[in-house]
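Top line first, the protein sequences correspond to chains A and B. Under the working numbering, the first residue of the first sequence is numbered 1, with each subsequent residue one higher. Under the working numbering, the first residue of the second sequence is numbered 1, with each subsequent residue one higher.
Do not take every clue at face value.
Simulated pairs of lysine to aspartate or glutamate, EDC-like, Cα-Cα distance not exceeding 20 angstroms [claimed, not checked]:
1. A/K318 with A/E286
2. A/K116 with B/D270
3. A/K116 with B/E264
4. A/K379 with A/E286
5. A/K163 with A/D355
6. A/K280 with A/E239
The set of hints was computed from the structure by calculation and includes no laboratory data.
What follows is each chain in one-letter form.
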Amino acid sequence: MKANCWTGRNTVEIERVPDPQILNPRDAIVRITSTAICGSDLHLYDGYVPTMKKGDVLGHEFMGEVVEVGPGVSNLRPGDRVVVPFPIACGNCWSCEHELYSLCENSNPNAGIAEKLLGHSPAGVFGYSHMLGGYPGGQAEYARVPFADVGPIKIEDDLPDEKVLFLSDILPTGYMGAEMCGISPGDTIAVWGAGPVGQFAAASARLLGAERVIVIDRFPHRLRMAREHTGAETIDYAETDVLEELREMTAGRGPDACIDAVGMEAHHPNPAMYGYDRAKQAARLETERPYALREAIMACRNGGVVSVIGVYTGLADKFPMGALMNRSLTLRTGQCHTQKYLRPLLDRIRNGEIDPSFVISHRMRLDQAPRAYEMFKNKVDDCTKIVLTP
Amino acid sequence: MSAPYDEHEARGLARALGWMSLGLGTAQLTAPRAVGRTAGVDDSPVIRALLPLVGLRELTHAAGLLRGHRPTRWAWTRVAGDAMDLAILGTALRDRRGPRRQRVAAATAAVAGITAIDLYTALRARAAAGGTGDLHLRASVTVNRPRAEAYRHWREFGNLPRFMTHLRSVDDIGEGRTRWTAEAPVKSTVSWEAELVEDLPDELIAWRSLRDTGQGPGVSSSGSVRFSDAPGGRGTEVRVEMTYAPPGGRVGAAFARLFGEHPEQQVRDDLRRFKQILETGEVARSDARPEGFRARGFARERPAQPVA
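Chain B with its partners taken away, still in its complex shape (with noise of 0.2 angstroms):
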């Protein structure tokens, strides 16, 4: 990904755009008849009115783009508001005629141009965001353990279904890969295959998914899993990031929130199972949850009575 050089240039055309909403919001604001009659609208009182208002939102657009925790959101806004102009324009040059419809179509050309800046500076940052439907997740835990011991569990990928839960086998298949078998929604499951692209020993593995397997739908994604020192004789810290596509989209991803699934949150009692294992030997289990935990689970947790 080169996430971080694409957020940097969507950042900067999204305060070239706040310094342009400045300077037309200021004039809008104080001379509002000179803007009116350079984009040849000064004859309709209604317009002259809503000049005024318009440079305003203008500054918002300005402050948002300039000031802003997160700058490119506002370009969407920008965007909105280039459709007003131009509906209000597009309105204008149909009743004028001569000059000032000359004018009118000079400044609708102009509108039209920084709607496409607008429009190009939102789809950027979008991308730059991971626009494209990816999710991106992240989650750490410190274990109690030395790091190449950490490591050695984690690569012998047989282990990992212990501790992913929604994980159903782990298989080798030589030359690197790796078959994975996971369950999806409605106790149906999915599986795909998997390469090692990195595997520094005490250190890091990282994986990507190979496309579909012909079973199912198949998964796309990729992820890494780093273990440092944890000062002071800590342990090892476990750090895992991952990029997934997940069914569906983000509409799909938001929906599986809604019935309990939770990404990050299975992905952090994942690693606090991983240190269970590695620290006492085993997966804490009560009776009212006797398949140990998961987000998904808590809906379904019964009563904490004793296991039948």
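For reference, chain A alone in the conformation it holds in the complex (with noise of 0.2 angstroms):
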């Protein structure tokens, strides 16, 4: 089969891979009918996050049909159409019994190097690192799914692709997200980053209750995404000082949640401080530039959330524990409990509260893969979504 592989830094290539086989009982074959590209992928292409090898499979976006099932997977069978949540959960474990589905304890095989680099290992994930389980992506033609019987979620009317693809991570994640906010009426959230995670967080926020939401990029098309479909007000930090008008626009109270769905990467409008991070980035000094999570930490009010979705891998610098301890904020983050969330959101995608396919900006097909990375890491031609196809 085809498939888009990892072969370095800033480069992935299309290559012939044989196809996937039932290794588990547990196991099932899905023949992938549409798969995305995700912002995190971003940091793999850039080459941040340690254990990757030359030939990975990347992906962990996608959705298709049931081809082949083992003998333990009772719910489904061949000819079902399902979407796969990117994090892959036994569901009998501690963690997964408590709706923890990212935390299972026992699908990541090399849990011992997780351990090393986290203390103690999260789920094994599609497509992303050895660290969290070597599992080959979804940007394939086809992908072994272990744990079938309880991740994939069963889409049985006639909702196309695109309106149920982005179950599998950034509609949940960026539910989440606001979920972690504990929003009453009348909050005002604030969102950085305007990616696909940040406009579904921002909807998200509106869906749960908010009173305002408040979203900040620097990409112009990006924002006017955020105002026409999420009816949030945004910020350009490029022109404007953000933790100034933010105090303006709440009278001085600050956001009453902040969501960080940028992460790892964030970029600065100093070139100093940018600079800063980033020579110490380079120099494996820290592994995050975390402008974005410090800036939501200060802005956020006395008392405060803070929702942290944006992926970090290690270690990040200058962190602000003073505010966060004296201005009695909660910290909440995790990786998306995706499968929690898989029915619920299924059911506001069909009564139509929310229509996922607005982020999606651009439509490829499964080869054009290399072409299409350099488009989303560039944001060339206003790229925000890209949806592949086998």
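Both chains are given apart, each in its own frame, so use the hints to dock them into the complex.
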């Protein structure tokens, strides 16, 4: 089959690789009909995530048709149309029983390596480094899906791929980011990052009853999308002092909750500030450039919540712990416990409460993945989200 | 093992030596002349200059022995210091005659006596810390299943090779004895017999290997696995402790580590697989690691491509 493989920093290539096989009783094989490139794939593309190997198949947002199931999978059969959540979860461990699916204790075969870097291991993830299991991803024609009786959700009506594909990651991730804010009536929520996850975080904050949503980014097309599709107000951080503007907009209080939908490769309008963390990152003295996180903490109102859904992998410097502690802030975070949100969000899509396809800017063939990564990374042609079809 | 008692005694001795170092060091630093006279070496300017330095060395020992995290380790630095003192005194003894020679001889005898005590303490400490070349390791995991089920799965020794990947087979040969066959480096196997030392249902299984069975070099090991209820309905806490003599002793173990063998990691990974089987019914395998996971496998891990 054809698959999009990571072949080193800033390069991906379409390669012919062997078809996947059932290895365990609870596996299924899915023929992929739609797959997407995630912003977090750019962290791999840019070479910031350790334990990648040349030839690793990328992709953790995919859906398709079941073509084969192991003897332990009784709820799916060949022909079923499914969306596959990005964290692999067994459904049996303590974490899964408590709906902390991205912390599944049994799905990461390389838990020992993750433990060394992170203290304890999270769940295995498709196409996201060997530290998280070394599972081939879904930017391919087929994928092997472990614990297929727990993760994939069946799509039984005729909703098109584009409306349900993002259940695999970015819609639930944005939703969880808003949910962690514990929104009450009258709340103002600020969202750093107007990429697809930020868009869904903003839209979800509205769904969950936020009075005002403010989205911060520097790309006009993304800010426009946020205004038009999520009803958010926007701040262009390249033009405006964000902390001052947020203070003005909330009459000195600060946003009740702040969502970091940016993560480890943030930018900063001040070249000196940007250069400082960029240099440390290049020298591997820190793995993150946490401008968005620092700003979110500083901006948040006293006693508010900082919700982190942008991806971080290691160590961040100049972390404003004093602000967090002295102002009674709550820091909530996590890789999305996607399985928990599949059913309720599918219902919301079906009811017309949200149509996630608004983030798609480009549709391309899987063969064009190398060009697609380049476009997505450099925001060529107002690129926001690319869906690939094999 | 009587390790705790030995360790205690070794620490006591180390502490006594610490006080001696403190006294000697203080005397050498504050009154080098008097010390030199007593030892019969006050006529040598070189030794007179050396004495305060030796005093400083003794104070370092004292600090290490009295306050250090692992006082027994410092006993070895004392042995080294003794060797140096004996060398200096030996040289001094050669060039001296008469009463001065007698004083040097007396000092040499005293230092030799102290050396014996230092050496004894150091050896004792090493033995207490398992200096026989045996390795000890422990690992634990929490399994989200009832205690009885975890115990039963382990007690059925034929199950062990499913989660202990280095094991080929475990066969019951009757009378509480089992024959174990394991993979060894360079694609060979080792085989040994083991007997059940203790078996408390739902609580504890302890085993010990028997002498060589004539096939291969044999493996000397003993170990136990304990099962206890995790608090608040979190399942079962499984704790493994093992003592074993690695082939080639400590040097062999260090060498094996260089090539990716990591015994603690191996046992921890074994326990993780035990948990996976009990909780999910299968061992998690990614396509990059189709054989399951173990520390050694990571070095050989291939790109995450589907299985051929």
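The hints, checked one at a time:
Pair hint A/K318 plus A/E286 holds up; C-alpha atoms about 10 angstroms apart against a cutoff of 20 angstroms. For the hint pairing A/K116 with B/D270, the CA-to-CA distance comes to about 17 angstroms; that is within 20 angstroms, so the pair holds. Restraint check for A/K116 and B/E264: the C-alpha separation of about 13 angstroms stays at or below 20 angstroms, so the hint holds. A hinted pair counts as satisfied when its Cα atoms are at most 20 angstroms apart, and A/K379 with A/E286 does not qualify at roughly 26 angstroms.
At roughly 6 angstroms between alpha-carbon atoms, A/K163 and A/D355 fall within 20 angstroms of each other, so this suggested pair holds. For the proposed pair A/K280 and A/E239, the alpha carbon gap of about 26 angstroms is over 20 angstroms, so the pair is violated.
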